[in-house]
Amino acid sequence: MIITIASGKGGTGKTTLSTNLACFLRKDTQLLDCDVEEPNAHLFLDIEWDTKETVKTVIPEVDEDRCSHCGECGEICQFKAIAPLESTVLVFPELCHSCGGCFLVCPEDALREGLREIGVIEVGHFNTTEFVHGKLRIGEAMAPPLIKKVKEKIQPGKIAILDAPPGTSCPVVNTMMDSDYIVLVTEPTPFGLHDLKLAVGLTKKLNIPCGIVINRYGVGDTRVEQWAQAQGIPILLKIPFDRKVAEIYAEGKLLAEELPEWAEMMRDLMAKIQNQLGKGSF
Amino acid sequence: MKIAVSAQGKDLDASVDPRFGRAPYFIIVDPDTMEYEAVDNKQSLNLPQGAGVQAAMNVINREAKILLTGNCGPKAFKTLKAAGVDVITGVKGTVKEAVEKFKRGEYKVASGPSVQSHWS
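Chains as they are written, first to last, in our numbering: chain A, 1 to 282; chain B, 1 to 120.
Don't read these hints as lab results, they were simulated from the structure. You may find that some hints are simply not true.
[Unchecked claim] Capping the alpha-carbon separation at 30 angstroms, the derived lysine-lysine pairs in BS3-like fashion look like this:
no. : chain 1 : residue 1 : chain 2 : residue 2
1   : A       : 149       : A       : 238
2   : B       : 42        : A       : 56
3   : B       : 81        : B       : 92
4   : A       : 205       : B       : 42
5   : B       : 92        : B       : 65
6   : A       : 197       : A       : 27
[What the hints assert, rightly or not] The following residues of chain B were derived to be distant from chain A, with all beta-carbon distances above 12 angstroms:
no. : residue
7   : 12
8   : 13
9   : 14
10  : 52
11  : 78
12  : 86
13  : 97
14  : 100
15  : 110
16  : 114
What you are looking at is a predicted structure, and each value in this text was computed from that prediction instead of being measured. We put the beta carbon where it would ideally sit given N, CA and C, even for glycine.
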């Protein structure tokens, strides 16, 4: 079962929830930090690293001798990564999404597969839980290909917790895809509600059931709850706004290990998710 | 020889657009007769990325040999150079004024891009 922890608004508590949920589950669990642009889940865990691999993506290289300058590659490329001119063909590797379209349409077989390094994947473990994260190469703009590689480490039969990047753009879509359930972490503020609506819209487009966790409960107002009720989206958990939580987080410790009520909260969260999945989507 | 000018409107009285890749129009002008044609740059405007490269292709396909614009980034510059288009940046005023200034030899061809890439 794949559970993605996402948010819309950044800084609502995705990593806090992901790490604590994985710590609570322990057995047959994987935690995958899919925020490859700034992975941070490892900071809260005592990880023993096992493997590290470089990830490369395919880009076109032009064989000028074969090229007839027909321009087909430039026509199909939606990202303008290849510019066929009369005298030469320019390739801009940093714009290439590795879709492979140019290879398919080239009538002269004039394109060869070149490689571009996009980042690394590190695999390790804490307790009995497997940990995976990707680190995007500095200066690299394309997160989705690396996220897909991180997700290739998902093992069927285990519970995979995916810590998503913030927002609702391509990296988040790529993280959410193929999930069985999405937990949306928000805060009870107008900003939290605004971005929550966008995130819920995305889960609906992907047709994946979701539920809401309200973090820092007690600050702000009740509009998130009212909206969720009106939409028929379950509120899975309310995490009280508590100085103790901030202190433990600031020390890089896990709440599920320090506060007994957190184990209870995580158990309750998992029960609600399983219950909702048993009944089908909302 | 034709001149391309990045423009905010469709005629010679339109203001020069300071952006190259995401300018709404290019005015393609014959400097001898001042006859012109407006080219819609909508295709580049709607791109999530690579607008500079697409805009450069639009200019190249209209067989312009000179580009007058405000700013030009590295990928657009490289594409234009490869097709033999001279780029002049820092151009202001109306399209007509810009072409007249060019004819009087008041501009210098840029040796490189005037702004940095959005991607690095």
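Outcome of the hint check:
no., hint, result
1, A:149 / A:238, "violated (33 angstroms)"
2, B:42 / A:56, "violated (34 angstroms)"
3, B:81 / B:92, "holds (22 angstroms)"
4, A:205 / B:42, "holds (28 angstroms)"
5, B:92 / B:65, "holds (19 angstroms)"
6, A:197 / A:27, "violated (34 angstroms)"
7, 12, "holds (29 angstroms)"
8, 13, "holds (31 angstroms)"
9, 14, "holds (25 angstroms)"
10, 52, "violated (8 angstroms)"
11, 78, "violated (6 angstroms)"
12, 86, "holds (15 angstroms)"
13, 97, "holds (31 angstroms)"
14, 100, "holds (30 angstroms)"
15, 110, "holds (18 angstroms)"
16, 114, "holds (18 angstroms)"
In this structure, the hints that do not hold are numbers 1, 2, 6, 10 and 11, in rising order.
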